[in-house]
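Chemist: Sequence:
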Amino acid sequence: MQEQIRKAKQKSILWGIIGSALLLSIYFIIVSLSNSVGHALSEFWQLWYWITALVVGFGIQVGLFTHTRQTIQLKKQLKGATSSVAAGAGVSTVSMVACCAHHLSDLLPILGLSAAAVFLTQYQLVFMIVGILSNILGITYMLSIISKHHLYFDDNKWLVRLAGYNYKRIFRIEIPILLIIFLSGTLFFSGNPAASSQVADVQQRVLLENQEVQGNGIWVGIGGEYQRAQGMLMFNIKITTHSGSLDFRLDKISTLKINGRPISLPVTWEGSPPGGHH
Numbered sequence: 001m002q003e004q005i006r007k008a009k010q011k012s013i014l015w016g017i018i019g020s021a022l023l024l025s026i027y028f029i030i031v032s033l034s035n036s037v038g039h040a041l042s043e044f045w046q047l048w049y050w051i052t053a054l055v056v057g058f059g060i061q062v063g064l065f066t067h068t069r070q071t072i073q074l075k076k077q078l079k080g081a082t083s084s085v086a087a088g089a090g091v092s093t094v095s096m097v098a099c100c101a102h103h104l105s106d107l108l109p110i111l112g113l114s115a116a117a118v119f120l121t122q123y124q125l126v127f128m129i130v131g132i133l134s135n136i137l138g139i140t141y142m143l144s145i146i147s148k149h150h151l152y153f154d155d156n157k158w159l160v161r162l163a164g165y166n167y168k169r170i171f172r173i174e175i176p177i178l179l180i181i182f183l184s185g186t187l188f189f190s191g192n193p194a195a196s197s198q199v200a201d202v203q204q205r206v207l208l209e210n211q212e213v214q215g216n217g218i219w220v221g222i223g224g225e226y227q228r229a230q231g232m233l234m235f236n237i238k239i240t241t242h243s244g245s246l247d248f249r250l251d252k253i254s255t256l257k258i259n260g261r262p263i264s265l266p267v268t269w270e271g272s273p274p275g276g277h278h
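For what it's worth, the numbering used here labels the leading residue of the sequence shown as 1, then goes sequentially.
If you're looking for bench data, these hints aren't it; they were derived computationally from the structure. Computed from a prediction, not measured in an experiment: that's the story for all the values here. Possibly wrong hints are sitting among the right ones.
Unchecked claim - Simulated pairs of lysine to any residue, SDA-like, Cα-Cα distance not exceeding 20 Å:
#1 Lys11 / Leu159
#2 Lys148 / Ala163
#3 Lys11 / Asn156
#4 Lys257 / Val220
#5 Lys238 / Ser254
Take the sequences, apply the hints, and build the full model.
Modeler: If you want it as structure tokens, here you go:
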């Protein structure tokens, strides 16, 4: 039985890690497909503390749910399906439904869906606050189920300690505090555009994939970004001519085409004069 308990503990931890990785993967896949890999990475580094809190919270809940299911099975084998264990089986299923339902708020702020881009940009931090607070409530709820139905073994010291708390009292204190945090955060971020400017800036920028071509000893690399708010497309062009000569004016021979049609735009050259290696 001790070996089974040990394996059940490892399985709970593993599924918690998988849950976190899955949520993070969903973020990277959807944002990368809708924009670019570079944009997904840029947004993650801008918002890593928010996204990490959401991802870790989800993983903890998946791990706790897996623990309850594993413990129910082991206790059934050990002493039969007592009323407490049987009740725990039903409650744990309901709890997982609730756990999954509230995690819609985890996905909304980090997906960056184009259909709701303006709405999510404006209220993204509010959604993230909701997601993090719901994580806290979800974890507390799962622990209360584990405590109420004694879904743990005595050799699991940290869970024994957590199960010893009065969760009815914790909920009475926790819910008003989280509600105050939510209302305060909503009022602050909704009424203070500067506070959410970091998120808005990330959501409004689409990074373009870098491209590079070479010929006649000249390497040309181009990247850039599209600013949604201003409707502005910005290019960064890098030219390397270590083994060739740039004996022409780039601004005179370059053309910009959109959907195959050349676009005339005012262009100025601020680099070195034609000729030589650069």
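Chemist: Next step is simple, just say for each hint if it's right about the structure.
Modeler: Here's how the hints hold up against the structure:
{"no.": "1", "hint": "Lys11 / Leu159", "result": "holds (16 Å)"}
{"no.": "2", "hint": "Lys148 / Ala163", "result": "holds (8 Å)"}
{"no.": "3", "hint": "Lys11 / Asn156", "result": "holds (14 Å)"}
{"no.": "4", "hint": "Lys257 / Val220", "result": "holds (17 Å)"}
{"no.": "5", "hint": "Lys238 / Ser254", "result": "holds (14 Å)"}
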